[in-house]
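Whole structure, please, built from the sequences with the hints as guidance.
This note's numbering applies: residue -6 is where the sequence shown begins, and numbers increase by one.
No lab work stands behind these hints, which were simulated from the structure alone.
The model shown is predicted, which means the values in this text are computed figures rather than measured ones.
C-beta atoms are modelled at their ideal positions from N, C-alpha and C, and glycine is treated no differently.
Accuracy of the hints is not assured; some may be wrong.
[To be verified] Label pairs and their in silico Cβ distance ranges:
1. Phe177 <-> Ile288: 17 to 23 Å
2. Leu275 <-> Asn208: 43 to 49 Å
3. Leu185 <-> Asn31: 45 to 51 Å
4. Phe4 <-> Ile83: 33 to 39 Å
5. Ile142 <-> Trp176: 17 to 23 Å
6. Ile130 <-> Lys1: 40 to 46 Å
7. Ile142 <-> Met183: 17 to 23 Å
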Amino acid sequence: MKTLKIDKFIFISIIIFYVISILSIKSASMYLSSSLGNLVLKQSIWYLIGVLLIFIILKLNNNFFYNYAFHIYIINCLLLLGLLFFAPSINGSKCWYNLFGFSFQPSEFMKISLILVYSRILGDFNKKKKINFKVEISLLIKIFFILLIPSILTFLEPDTGAIIIYLIITLFCLFISKIRIRWFIILFGMILLFLVLFFYFYFFQQDLFISLLGNDFFYRMDRIINWKNGSGIQLENSMAAISASGMLGFGFNSTPIYFPEAGTDFIFGVFASNYGFLGSSLLIIFFILFNIYLINLCNKKISYMDKTFIIGLVGIIFYQQVQNISMTIGLLPITGITLPFISYGGSSLLSYMILIGIVLNITKEKMRS
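Structural data, given as structure tokens:
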């Protein structure tokens, strides 16, 4: 029998993530409604399913995922479209399907689709010997429409945080391509122009802004832009718990104060209050080491498709880590972004476990060579 080769650092990292997640969710459970059930057990089941998915992926060749990247993308777009017609409205959003008591969020799996499609397209592009203006503009138009379709569908749910993640994936994947630097200058210039126009209409032409994008989007933007003025109990209590935790924290299962979404969006607040400055610092250092390890895989002799895939994954992990931790301590607006591998949530966790499974396939092929 062939020995299944698994990157030990990544595998051990997943175990560490699991332990941190379970300890944090257990501590958060003291303030969560009993109607949510045993979240520790549920998260353990999601991790188990994720590990099983990893082993299934390890039995496959990554060419399978690259070859069917567009099929997977189309399926996910259809799932996003279906939300608008069939998903229940929860707090004004239609982001989840409810299946047999379990919630399923397609936008989490769109991350996988985008990274796979970009890996396929940019991998083929980077292998071209002659790259000219026509080839580059054709590529950028293709990527624009690939990004635009799920972004519009996700905007209609609405889920602004997921759209930002789609954009982060796109930018990180383009960074590793052979596209000339002038296109990035043009791109950032267009983004800057868009932001200037956007905020001009938001601040000085509010009636026109509302007529074009609707009241709901206006108030969503208002909550984000004025987050410091209307932070509410969630941020205030999270910051109070973290600031009072000292060097070593209050200890396991001793979160001192209630704040909403403690098991999901504000899971870092729970961990920081339990284990203090020292524990939080060690967790952040571990995140950094994990990210650096993934980035260093790109220095090995792997294909352009594999490099693009890894960079796309690093981009969203890094963004979600920075956004989640920063919003918990009041440095960035609250956007509903979870902490990868740590926050409770089946869709988010399974999407990342699938992505890690594909990365393990890349390292497996490297170990064989």
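Does 17 to 23 Å hold as the CB distance between Ile142 and Met183, or does it fail? holds (19 Å)
Verify the CB-CB distance for Phe4 and Ile83 against the hinted window 33 to 39 Å. holds (35 Å)
Kindly confirm whether 17 to 23 Å is satisfied by the beta carbon distance between Phe177 and Ile288. About 19 Å separates the Cβ atoms of Phe177 and Ile288, which means 17 to 23 Å holds.
Could you say whether the range 45 to 51 Å given as a hint is met by the Cβ separation of Leu185 and Asn31? 48 Å Cβ-Cβ, so the 45 to 51 Å window holds.
Using the C-beta atoms of Ile130 and Lys1, is the stated range 40 to 46 Å upheld? Given about 44 Å between the Cβ atoms, the range holds.
Looking only at beta-carbon atoms, does the pair Ile142, Trp176 fall within the given range of 17 to 23 Å? Between Ile142 and Trp176, where Cβ atoms are some 21 Å apart, the hint holds.
Confirm or reject the claim that Leu275 and Asn208 have a C-beta distance inside 43 to 49 Å. holds (45 Å)
Hint check: no violations occur; every hint is consistent with the structure.
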